[in-house]
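Engineer: For the sequence shown, our numbering assigns the number 1 to the initial residue and increments by one for each residue that follows.
It is worth saying that the hints were derived from the structure and are not from the lab.
Keep in mind that a hint or two might mislead.
DMTMM-like mimics (lysine to aspartate or glutamate), calculated; alpha carbons at most 25 Å apart, straight line [stated by the list, open to error]: (1) Lys-256 <-> Asp-133; (2) Lys-229 <-> Glu-288; (3) Lys-442 <-> Glu-454; (4) Lys-341 <-> Glu-384; (5) Lys-285 <-> Glu-454; (6) Lys-111 <-> Asp-221; (7) Lys-111 <-> Glu-97.
Derived CB-CB ranges, DEER-like [stated by the list, open to error]: (8) Lys-331 <-> Asp-18: 40 to 48 Å; (9) Glu-306 <-> Arg-386: 20 to 28 Å; (10) Pro-455 <-> Gly-255: 41 to 49 Å; (11) Asn-305 <-> Glu-454: 45 to 53 Å.
Backbone N, C-alpha and C fix where the C-beta goes; we use that ideal spot for every residue, glycine too.
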Amino acid sequence: MTKQDQNQLGKTLWDIADQLRGAMNADDFRDYMLSFLFLRYLSDNYETAAKKELGTDYPSLPADDLRTPLKVWYEANPRDVTEFEGLMRRKIHYVVEPQFLWSHIAELARKQDPDLLSTLEKGFKYIENQSFDSAFQGLFSEINLYSEKLGKNHTERNERLCGIIQKISEGISQFSTSADTLGDAYEYLIGQFASGSGKKAGEFYTPQQVSTILSEIVVLDSQDPASGKKSKINKVLDFACGSGSLLLNVRRHMGKNGIGKIYGQEKNITTYNLARMNMLLHGVKDTEFEIFHGDTLTNDWAILNEENPSKKIEFDAIVANPPFSYRWEPKDSLAENFRFKNYGLAPKSAADFAFLLHGFHFLSMEGTMAIILPHGVLFRGGAEERIRTKLLKDGHIDTVIGLPANLFFSTGIPVCILVLKRCKRFEDVLFINAAEHYEKGKRQNVLREGEDGEPNDIRKIVETYQFRKEEEQYSRRVSMEEIEKNDWNLNISRYVSTTQAEEIIDLEEVNERLIAIGKRATEAREKHNQFLRELGLREI
Numbered sequence: 001m002t003k004q005d006q007n008q009l010g011k012t013l014w015d016i017a018d019q020l021r022g023a024m025n026a027d028d029f030r031d032y033m034l035s036f037l038f039l040r041y042l043s044d045n046y047e048t049a050a051k052k053e054l055g056t057d058y059p060s061l062p063a064d065d066l067r068t069p070l071k072v073w074y075e076a077n078p079r080d081v082t083e084f085e086g087l088m089r090r091k092i093h094y095v096v097e098p099q100f101l102w103s104h105i106a107e108l109a110r111k112q113d114p115d116l117l118s119t120l121e122k123g124f125k126y127i128e129n130q131s132f133d134s135a136f137q138g139l140f141s142e143i144n145l146y147s148e149k150l151g152k153n154h155t156e157r158n159e160r161l162c163g164i165i166q167k168i169s170e171g172i173s174q175f176s177t178s179a180d181t182l183g184d185a186y187e188y189l190i191g192q193f194a195s196g197s198g199k200k201a202g203e204f205y206t207p208q209q210v211s212t213i214l215s216e217i218v219v220l221d222s223q224d225p226a227s228g229k230k231s232k233i234n235k236v237l238d239f240a241c242g243s244g245s246l247l248l249n250v251r252r253h254m255g256k257n258g259i260g261k262i263y264g265q266e267k268n269i270t271t272y273n274l275a276r277m278n279m280l281l282h283g284v285k286d287t288e289f290e291i292f293h294g295d296t297l298t299n300d301w302a303i304l305n306e307e308n309p310s311k312k313i314e315f316d317a318i319v320a321n322p323p324f325s326y327r328w329e330p331k332d333s334l335a336e337n338f339r340f341k342n343y344g345l346a347p348k349s350a351a352d353f354a355f356l357l358h359g360f361h362f363l364s365m366e367g368t369m370a371i372i373l374p375h376g377v378l379f380r381g382g383a384e385e386r387i388r389t390k391l392l393k394d395g396h397i398d399t400v401i402g403l404p405a406n407l408f409f410s411t412g413i414p415v416c417i418l419v420l421k422r423c424k425r426f427e428d429v430l431f432i433n434a435a436e437h438y439e440k441g442k443r444q445n446v447l448r449e450g451e452d453g454e455p456n457d458i459r460k461i462v463e464t465y466q467f468r469k470e471e472e473q474y475s476r477r478v479s480m481e482e483i484e485k486n487d488w489n490l491n492i493s494r495y496v497s498t499t500q501a502e503e504i505i506d507l508e509e510v511n512e513r514l515i516a517i518g519k520r521a522t523e524a525r526e527k528h529n530q531f532l533r534e535l536g537l538r539e540i
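Take these sequences, add in the hints, and give me the full structure.
Structural biologist: Right under this line is the structure:
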């Protein structure tokens with residue numbers, strides 16, 4: 001499927017969503033739309049695998065027979081079902097019973113069947129508790145099929161759901177059902193819903209362009225980025241993973257077999273469910289990822305709570321876009337927590353460094369961490385200055401990248417990317433000031449991608465990092481001595497200014513030009529007066 005077709009699928013689905021949600025809040029409708037798309041993917045993937053596995057035994061039904069082929073097979077072979085489902089669990093890691101497949105649900109919707117709503121409810125519970133070997137409890141917990149937003153009574157709600165599902169089924173029938181295709185459509189919809197949610201979108205969405213920068217940076221060799229990508233990343237972590245787009249971007253750049261396991265953590269329950277669906281919909285098997293629902297700052301994830309250094313889990317790549325300047329209430333005991341005790345606690349007014357230190361604690365010696373933070377972390381004083389200073393003195397801050405303002409749905413302020421390493425090769429710090437390199441949009445600014453001969457802002461940032469390039473008014477390698485002289489202040493404009501130098505004015509030259517102009521004006525006036533005198537008119 002071409003990129004154009006993928007974009008068209010995303011736009012088709014968004015148009016359907018825009019038409020159908022009516023008075024329903026975009027955030028509410030998002031959960032229905034994305035869940036149905038997820039069910040469509042699971043079903044089609046399962047039916048395709050079943051058809052391949054059963055071969056000639058897979059029922060071939062006439063065009064006017066609208067039953068699900070797999071349902072026909074189940075009914076004809078009841079003794080073989082258990083063995084078949086066991087085989088499917090080994091092959092594609094999950095099972096969907098025929099009555100819960102999208103093709104059956106879509107047919108119920110087409111017929112306006114009064115049992116649609118109850119079938120959907122049972123299907124969602126089945127997928128949560130029985131489809132996968134590792135249960136996905138609560139995967140659809142945010143979808144209320146009995147919400148009055150769908151209708152005042154059971155009949156109205158059933159009719160509304162029939163209409164939504166029928167429209168989706170018709171709209172995507174002409175498109176491929178592969179993981180890449182539906183996965184891209186899913187990401188497109190998440191982005192569109194994020195755009196409609198405004199500031200709330202910061203809870204679950206990192207713009208793909210920014211996500212690409214972080215992903216491409218962490219997959220490069222940490223000691224020698226110029227040598228290219230790592231051959232393998234054992235574990236990758238995003239401790240504020242939102243919908244999981246950053247993690248999936250890392251996987252995309254490494255290839256499906258380039259990562260051992262994906263780990264993510266998310267506090268918001270709705271977003272946590274989005275992330276789990278997003279992983280599965282992109283073809284990541286349930287054994288290949290672990291997403292935890294919990295609070296990163298209090299660190300209630302058991303696998304990250306091992307205080308014994310020899311047993312500590314470590315990650316070769318860490319990416320994160322935590323909430324900016326999040327206000328928190330750290331308990332006094334947290335000062336002795338293994339994540340913070342060597343650096344100190346971030347202030348209550350801004351947990352930015354708390355998030356950073358949390359992730360950095362679990363970074364491997366050969367790993368790279370890229371985190372998006374507000375510019376304030378580069379220059380604010382107090383506790384943040386002490387943390388920043390120690391990170392610099394210990395040689396852990398590798399690169400500081402300044403991005404343009406208004407790239408994010410959640411804020412219009414300019415933000416930065418900090419690249420950290422436990423063991424870095426270069427003693428200096430690379431500063432990249434990309435604040436002026438973008439295209440202005442109506443609502444959000446965007447980084448250019450090199451289309452139609454325009455500059456490629458994303459590629460420029462990544463290659464500047466990769467090859468540690470220096471360019472006037474864009475990037476510079478700064479020694480630790482110079483940073484120390486600036487009191488460990490990392491404000492990017494101190495080291496890479498984009499201000500154009502004022503033109504030097506030669507006052508003597510200007511004076512001579514003014515005298516010459518005055519002389520020519522006098523001569524012109526005298527010539528003009530001569531004509532006036534000849535005509536007997538008053539001189540000027």
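Engineer: Does Asp-133 sit within 25 Å of Lys-256, going by the straight-line distance between their CA atoms?
Structural biologist: Roughly 21 Å between the alpha carbons, so the hint for Lys-256 and Asp-133 holds.
Engineer: Holds or violated: Lys-111 and Asp-221, Cα atoms, limit 25 Å.
Structural biologist: 56 Å, violated
Engineer: Are the Cα atoms of Lys-285 and Glu-454 separated by 25 Å or less?
Structural biologist: 38 Å, violated
Engineer: Starting from the range 40 to 48 Å, see whether the pair Lys-331 and Asp-18 falls in it by beta-carbon distance.
Structural biologist: 46 Å, holds
Engineer: Just to be sure I understand the hint, the distance between the Cβ atoms of Asn-305 and Glu-454 should be within 45 to 53 Å; is that true here?
Structural biologist: Given a distance of about 48 Å, which is inside 45 to 53 Å, the answer is holds.
Engineer: Please test the hint of 41 to 49 Å on the beta carbon pair from Pro-455 and Gly-255.
Structural biologist: Given a distance of about 28 Å, which is not inside 41 to 49 Å, the answer is violated.
Engineer: Assess, step by step, whether the Cα of Lys-442 is no farther than 25 Å from the Cα of Glu-454, and give holds or violated.
Structural biologist: 18 Å, holds
Engineer: Can you confirm whether the C-alpha distance between Lys-341 and Glu-384 stays at or below 25 Å?
Structural biologist: Cα-Cα ~14 Å, so holds.
Engineer: Is the hinted pair Lys-111 and Glu-97 satisfied, with a Cα-Cα distance of at most 25 Å?
Structural biologist: 20 Å, holds
Engineer: Take the C-alpha atoms of Lys-229 and Glu-288, compute the straight-line distance between them, and say whether it is at most 25 Å.
Structural biologist: 21 Å, holds
Engineer: Indicate whether the distance between the beta carbons of Glu-306 and Arg-386 respects the range 20 to 28 Å.
Structural biologist: 27 Å, holds
The structure shown violates the earlier hints numbered 5, 6, 10.
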